[in-house]
Amino acid sequence: MNNNKLLLLGDEAIAQGAIDGGLSGIYAYPGTPSTEIMEYVQGSRQAAELNIHRQWSANEKTAMEAAIGMSYAGKRAMVCFKHVGLNVAADAFINASITGVNGGLIVVSADDPSMHSSQNEQDSRFYGKFSMIPILEPSNQQEAYDMAYAGFELSERLNVPVLIRITTRMAHSRAGVQRGEVKPQNQLRLPSDPRQYVLLPAIARKNYKKLLGSQSAMEFISEQSTYNQLIHGTDKSLGIITTGIAYNYLIENYPDHKCPYPVLKICQYPIPRKQITELYNSCEKLLVLEEGYPLVEEMVKGFLNIGKTIHGRLDGTINRDGELNPNIVAKALGLQVNEGQLIPEVVRNRPPSLCPGCGHIDVYTDLNEALKEYEKGRVFSDIGCYTLGALPPYNAINSCVDMGASITMAKGAADAGLVPSIAVIGDSTFTHSGMTGLLDAVNENSPITVIISDNSTTGMTGGQPSLATGRIVEICKGIGVHPNHIKVVTPLKKNHEENVRIIKEEVAYHGVSVIIPQRECIQTFARRKKAEKKSQKPVTD
Amino acid sequence: MKNDIILAGVGGQGILSIAAAIGIAAVNSKLYIKQSEIHGMSQRGGDVQSHLRISDKPIASDLIPAGKADLIISIEPMEGLRYLPFLSATGWLVTNVNPFINIPDYPNADELLNQIKNVRKHIAIDADAIAKEAGSSRSSNIVMLGAASPFIDIPFEKIEEGIRQLFGKKGEDVVELNLKAFRMGRAFSEKNR
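Here the protein sequences come in this chain order: A and B.
If you count the first sequence from 1, position 530 lands on 530 in the working numbering, and the numbers rise without skipping.
If you count the second sequence from 1, position 143 lands on 143 in the working numbering, and the numbers rise without skipping.
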């Protein structure tokens, strides 16, 4: 292996590829497994010297829109989030394929099949297909680098955003990566057509026809792409299609990585019709291996399924859900898997839990005590560390659906007559998409109590800054919550009785009340203390 | 040459420093490497693992297939057992005996030790005590790396070089302390294998 290779996570390879490929700005909201892309750019001296924009955004939609704006101004932009973040950004994302781009625009969506750290395992490739843009899906860290590196030019050439889709194992696995020459950033340059981005119906119709017209060019580029390879095999009783990292799991099962069957390795979409036709015609049946939903499998099989046999997730050859691994693929190929010893019965589950000393623990202890007089089932919560309050010993919350849903679900339940209804949301999630829901509640003076458990960070993803630290009270006032019903408390054991009293009072109030338990995340506190010790400054809590 | 290694522990215990030292040694030895990590929710005190693959030939999968791991390094006695389906018939389990108890139903220590002894090739080491003896209880991860090092096909000196690179920024004292912890861990395995 070449010594001047960098050992990079897939996420980091994408970041370095974008920096070297002429990136001017990256926009993102943290979410596993995508977080390390932005963090790498933020930590990169090269990015600092090049003055690349690298600040977190309030949510994925604002990130997507800022990236579209940078592209409008002629520069190359990248936006990154986890798969469910693409839902938040979807309005902007879909329309960006209608506006087209000016500077190259790359959207990175990191899927989490098997839901290691997510509430679903949706497949972002459907979004790419939906908005009719090219998708790049790397099978290794080098491809991840190369795709980001060259992705801007592909975007500029086709006049659409390009989606890079990765999954957890690609995002969070490290391997050697060879860099290319650093490309210069684009100059500031407005779109040649001043109305390109004005999606009034008359203009949008024209743009849309252009997008439709460029589909054959996208398909042609896919057929020519070196990322899509038809690898010949001698045994034509089966042909195999792999997408992204599924290729690795396939060849892992054969000595010297030589698969006896013909294999079509797909890493660029739209899927290459020419190669698929060739494989289909030359083999007796097909097996489709893809990480995620059966997107390619459905397309090749067709609704009527009247052609050759196609095996995959749809016929149960492979489980319909969950990520792939070498053993699942081996079983699909009829190969023997020699598992080691069974897990001894003595081994217990060890689910994630709130850190000892975490402020959320005190919030739940106080809340459970305050709600004792009511029937259970009225606490709506949200996405973050505090979602772990659903588990024992707290058993404190009854929902976790999507970012910001705690406040609006509490409002809807209160509208239905569930009074009192309580929302528990973190500070970063509140500014991500809780604020607008609070406005809905204020406008109807809904009888809900919103607890904004403020640890002044984005905790679950590793402690990124929270965008309104120190300003939560002012925001709530600005939205229109009555100042008498905004209460700031400190979630500590010694304040338990007082906090319980305040929660009881506000829950009894028939209108919108907000309680803000404020105490810094103990992880970021420890890191800050360590950093300050290093610079010899005194620490104040 | 091919080593498939599973590192096991609990979120926050720092298994990645072990992986990093081996990773640097592998890169310096001009070997191929793939290392899969766990980030996100499990890091909050849940079970975590890292798949580390080193080879002189290109590596395909980022994940180690079941029954193919040559080595499990566990910095906690229960967590290593969780990955036994991955261990090959000739593979080694190298585990710390000090439990990390953050669940109410954590099993009895003797039961765990019995299960560890049922693994044909195993090293059960009190890495915390050895780390203390070496000069800092914080170096128990590096004691574990030392204890695992006889079963990794990278020259001893290359791994020492990896430790030097990993801790170099923290000063010569920290480097020496970790090298001592590493050698003591290795000596334990050489004696008890």
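It should be emphasised that the hints constitute simulated quantities derived from the structure, not laboratory data.
Source: prediction; values computed, not measured.
Careful: at least some of the hints might be erroneous.
[Stated by the list, open to error] According to the in silico footprint, chain A covers these stretches of chain B (three or more CB under 8 Å from chain A): (1) 38-44; (2) 86-93; (3) 110-117; (4) 169-178.
[Claimed, not checked] With a straight-line cut-off of 20 Å between C-alpha atoms, the simulated PhoX-like cross-links for lysine-lysine are: (5) B/180 to A/534; (6) A/274 to A/258; (7) B/158 to A/533; (8) A/258 to B/57; (9) A/274 to A/129; (10) B/30 to B/158; (11) A/372 to A/274; (12) B/191 to A/533; (13) A/534 to B/158; (14) B/117 to B/191; (15) B/191 to A/5; (16) A/529 to B/2; (17) A/530 to B/170; (18) A/308 to A/236; (19) A/5 to B/121; (20) B/2 to B/117; (21) A/129 to A/210; (22) B/170 to B/57; (23) A/376 to A/530; (24) B/180 to B/132; (25) A/530 to B/169; (26) A/477 to A/493; (27) B/30 to A/5; (28) B/158 to B/132; (29) A/258 to B/180; (30) B/30 to B/57.
From the three backbone atoms N, C-alpha and C, an ideal C-beta is built for every residue, glycine too.
Distance restraint between residue 534 of chain A and residue 158 of chain B, which requires alpha-carbon spacing of 20 Å or less: This hinted pair is violated, its Cα atoms lying about 31 Å apart.
Given pair status - residue 530 of chain A, residue 376 of chain A, alpha carbons within 20 Å: 42 Å, violated
8 Å C-beta test of the segment 86-93 of chain B against chain A, three or more residues: holds (count 5)
Hinted pair residue 529 of chain A and residue 2 of chain B, Cα distance within 20 Å: 42 Å, violated
Hint consistency between residue 180 of chain B and residue 132 of chain B [alpha-carbon to alpha-carbon, up to 20 Å]: 11 Å, holds
Proximity test - 8 Å, beta-carbon atoms, the segment 169-178 of chain B to chain A, at least three hits: n = 0 at 8 Å, threshold three: violated.
Straight-line alpha-carbon gap residue 191 of chain B to residue 5 of chain A, limit 20 Å: Distance ~38 Å between residue 191 of chain B and residue 5 of chain A Cα, so the pair is violated.
Proposed proximity, residue 533 of chain A with residue 158 of chain B (alpha carbon, max 20 Å): Violated. Residue 158 of chain B to residue 533 of chain A sits at ~33 Å, over the 20 Å cutoff.
Holds or violated: residue 30 of chain B to residue 158 of chain B, with C-alpha atoms at most 20 Å apart: 11 Å, holds
20 Å limit on alpha-carbon distance, applied to hinted pair residue 5 of chain A and residue 121 of chain B: Status violated; Cα separation ~36 Å.
Pair hint residue 2 of chain B and residue 117 of chain B, alpha-carbon separation not exceeding 20 Å: Violated, at about 26 Å.
Agreement of residue 158 of chain B and residue 132 of chain B with the hint, judged by alpha carbon distance not exceeding 20 Å: 25 Å, violated
The earlier numbered hints that this structure contradicts are 4, 5, 6, 7, 11, 12, 13, 15, 16, 19, 20, 22, 23, 26, 28, 29.
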